[in-house]
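**Student:** Residue numbers (our numbering), protein chains in the order written: chain A, 1 to 211; chain B, 1 to 153.
Keep in mind the hints are simulated off the structure, nothing from the lab. A hint or two may mislead.
To be verified - Pairs of lysine-lysine residues, derived as DSSO-like cross-links and limited to a Cα-Cα distance of at most 27 Å, are as follows:
hint	chain 1	residue 1	chain 2	residue 2
1	A	K23	A	K53
2	B	K122	A	K23
3	B	K122	A	K53
4	B	K57	A	K142
5	A	K53	A	K205
Keep in mind the model is a prediction, meaning the values are calculated, not measured.
Chain by chain, the residues:
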Amino acid sequence: MELRSPPTLYLRLRRRVSLQRGKPITLGHIAELLIDPLWYDRLTALVLYQPRKEDGNIIMIDMMRIVSVVHQMEPAMRIEYFGEPHALVDIVTNAKKPSVLLFILVWLLLFFGSGLAIMNFHADVSMLEVQQRIVELISGQKTERPILFQIAYSIGIGFGMVVFFNHVFKKKFNEEPTPLELEIFLYQQNLNHFVVTEEYDRLQKQGDPLD
Amino acid sequence: MTGFRNKVIRLIEALVIFINIFIGLAGGIAVGGGLVALFIVLDIIPRLAQLTRSYDKVHWFEGAMVCGSLYWTVADFWDFKFGITWLTPILSGSIGLLHGLFIGLLAAALTEVLNVLPILAKRLGIVHYMFGLLMAMVLGKVTGSLFDWLIYH
């Protein structure tokens, strides 16, 4: 059977991938490909760029570079992409094992810090007076130390925070994302957006630094 | 002459009453608006609606906030007291719990926790332990509060 003309390559670039230091950036690593099986293996292994030390830890691969490299291999190939026309590559060295000592230190810091913060908050808003007033309105008589009210209040603080964060230790209450996970996600998104914009600015000013 | 003087005095009294009402109203509007703005900014009601899956009943929550603020303001100024002795421990305990729950939600929603903790954990490389650190904060606040009421005072 004769070879037909090269088919169209459909690409969807991944937003952010990590790569071990020293390894080259291949097309299959940063994108999902849809193409005739004849071409698949060659395109997946196609090297787009070999990172150098001067490039830093984050490298952005733009569609233009992919098109130029693919056309070097097969000039007649048509390329179509979905989604963002760029992918970020993180160069990682071996993952540092999280230090247990640091964790314990930070744990103690947060423990005592929040305790102090809540005590300061109480003093700031004169909570003792307010609580005495509330208990006076409930019970009809003045109490100098409304102990029951205060103990229930303290336990309530714990419950309130846990309810807000949607889980106790590792067990979640429902499958919706907790606010903390959401915040991390948004932070990561902002970072990516910033890096991409910065890299595009650099491309504009200096020409393609990857050439 | 005296008739005219009396009329002026009554006019001034009426004016004073009107100014009292007006300034009081203005103050109330400012404080009430500020309170609601605080709750909106901290996302407490949307969060609670999400947890209880009662998005369509949010106006009930608004009503609860308004009625609660109104009742307790008036009760505080005019000394509305219950005095039912057998009900007092139950009421005291449950209102205390609700009070704590609310403050806990408030404390959790503050920017310090929500924005600083994830970024801090990411910078120090301890993201894996982040939920443990969260527990540190929660336990810290509970212990701090208990210490405050039982020992410090």
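**Student:** Hint check: K57 (chain B) vs K142 (chain A), CA-CA at most 27 Å. Holds or violated?
**Tutor:** violated, 38 Å
**Student:** Compare the distance between the alpha carbons of K122 (chain B) and K23 (chain A) with 27 Å, and conclude whether the hinted pair is satisfied.
**Tutor:** holds, 25 Å
**Student:** Holds or violated: K53 (chain A) and K205 (chain A), Cα atoms, limit 27 Å.
**Tutor:** holds, 21 Å
**Student:** Take the C-alpha atoms of K122 (chain B) and K53 (chain A), compute the straight-line distance between them, and say whether it is at most 27 Å.
**Tutor:** Within the cut-off at roughly 24 Å; holds.
**Student:** Under the criterion that the straight-line Cα-Cα distance not exceed 27 Å, is the pair K23 (chain A), K53 (chain A) satisfied?
**Tutor:** holds, 12 Å
The structure fails hint 4 only (numbered hints given earlier).
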